[in-house]
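Peer 1: Input sequences plus hints: build the corresponding full structure.
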Amino acid sequence: MYAQMVDTGVKKIKTLEEMTQEEQAFQKKIDDEIKIEPKDWMPEKYRQTLIRQISQHAHSEVVGMLPEGNWVTRAPTLKRKLQLMAKIQDEAGHGLYLYSACETLGVSRDDLVEDLHSGKAKYSSIFNYPTLNWADMGAVGWLVDGAAIVNQVVLQRTSYGPYSRSMIRICKEESFHQRQGYEILLTMMREGNDAQKQMVQDAIDRLWWPSLMMFGPRDDDSPNSQQSLAWKIKRQSNDELRQRFIDQTIPQLEVLGCTVPDPDLKWNEETGHYDFGEIQWQEFYQVLKGNGPCNRDRIRTRKKAIDDGAWVREAALAHAEKHRDSNAA
Amino acid sequence: MKHWPLYEVFIRSKHGLSHKHVGSVHATDAKMAIDNARDLYTRRSEGVSIWVIPSSEITASIPGDKEALFDPAEDKVYRHPSFYKLPAEVDQM
Amino acid sequence: MTINMDTQSNSQSEALYDYLLRLGDSPLILGQRLCEWCGHAPALEEEIAIMNIGLDLIGQCRNWLELAAKTADNGQDADKLAFTRDAHQYRNLLIVEQPNGNFADTMARQYFYDAWHLFTLEALCNSNNRDIAEIAAKAVKEVRYHLRRSREWIIRLGDGTELSQQRMQQAIDDIWMYTGEMFEMDDIEKTLVQEGCAADQQQIKQRWLDEVAETLATATINHPDPDAYMQQGGKQGVHTEGLGFILAEMQFLQRAYPNATW
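Residue numbers (the working numbering), protein chains in the order written: chain A, 510 to 838; chain B, -8 to 84; chain C, 5 to 266.
Incorrect hints may appear among the rest.
[As the list claims (entries may be wrong)] Listed next, the in silico DSS-like pairs over lysine-lysine satisfying Cα-Cα at most 25 Å (straight line):
#1 A:Lys706 to A:Lys588
#2 C:Lys84 to A:Lys588
#3 B:Lys(-7) to A:Lys681
#4 A:Lys588 to C:Lys209
#5 B:Lys5 to C:Lys84
#6 B:Lys(-7) to A:Lys812
#7 A:Lys537 to A:Lys520
#8 B:Lys(-7) to A:Lys813
These are calculated hints, taken from the structure and not from any lab test.
Peer 2: Rendered as structure tokens:
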């Protein structure tokens, strides 16, 4: 999930009786699965929650380019380089779709980006982990994009029209990302030498738990989920999505011939799901707070890119203003 | 610093179809908006033609006017061909 | 007589091989340089555009290097050529290996190369070597767009703010001495031009100069001295120091794990 712990600012969900007429009409639309569109009336807290969630999602796409950029200059073959470039290009594109959806709520992209750089806005905790070997490009595609897709498929039905439409577009385009990642790993496992196989296992060992953390805290520790679910900004709970991800991923892991670093992982005949061990929540909250291995670096890099580019953006604007009349033709 | 203005993007996906709204881009002028829209919205050959228009130039109907604008059309079934009964002998028109 | 003919056809195919490396290595190295921008571009829109252009270039390089490998018929393939040759075996133009610098430097490098690239590809569309004509015909559409974009940036930054004009002027002046090499034809190219399979740079040069003069004038950038001393050597394998580092990074995995499948 690219959005974690999105604050709704709501302490207690209002019952139908406690709602104003406007709020009731709004909730009825939500309940009837009618999409909310930019100019429709909406509760201020719904709007704020959406801004937080969509921008967090957008920031994640953009920051997510950095761990991949770390390897794009070192991709081992021309084909792998082309695939990775296409994927990175998509991430930037998805960031733009999402910022564009967010702007329909009356905020500007530049303000959102500023919030990211000041540390006020968050992005997915996963991108604060480093990519240390080439197999990480495979594991990121398979596990990280895989986890994101589980969430995004559900979000295609989110209640806000522009967000839902960008999710539909993103899901359509992202289907190749996960396959691209899995194929990198499978090739290394099936046709690679011992050193390559070790790279794959090492990548999975490091990225497995952080991938599970992408879905956010356990439902009992997720105070904002209820309101988000009632507004249908979220459509399924963190634990449900996490379980679905694990259930669909473990068989793929077995095909690879790899393991995950969880001694408690086993198939539960009774529930029809995999049981798994306890996530290191302490680590999760520390990474969210800014204490992950790459937090500082990621933000500084993004901030530097945008700050260093200010003169370019200013110049383009100045040029357009000088030639406003001739451009209008 | 002033922001790059927002442009709404419309793409014709195939010859013979209308342009359809796909989203927005930031650009300093219309020319750049076309290029940015091309790079963003037609990466998978989704289009044969692009329109861009400054978002500020769009006038939208107000949701509060929805009833006045759109409800009257609901009971004017005679605008739809299925309203007219044809004898069985004339099966296509 | 037979021996002579063989020698001649051998040297012909060697010349062709060398020429194909020249065509493939430049987009590869420029594409690699553009990859370095990932995550650092001045706007998200440029992030996509730069990656897009890089993607086109690496794709073109793959086509040229595949054809080179086929021509040499010595068990090479595009990846082996890209990832196991050392700097002195690279045949790219010096201009493409120049560092990214700031955005103006990158765009000046891109624009000069794009204009040359487009005109060269247009000429190659008429090559009597069908494989070359085919690859060029596909690439020419992509490069027409590259030129359109880089030209716009020269104009925007040149005729933008005082600071951007200053930076663009500096960028143009700095990269200028690497442009002359594009039009220098050695025996390899001259022979292939005579045979009708390579692009005649003598004819391209004037078009390029006209294109550049017009753009620089629109951009309010002073034209550098046309008679300035020009660097050369890239096409013969004598490079600037930067190329070794580009290759060290690009080839790392293939060098550390020789003959592995990825």
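Peer 1: Need the list of violated hint numbers for this structure, in ascending order.
Peer 2: 3, 4 and 5
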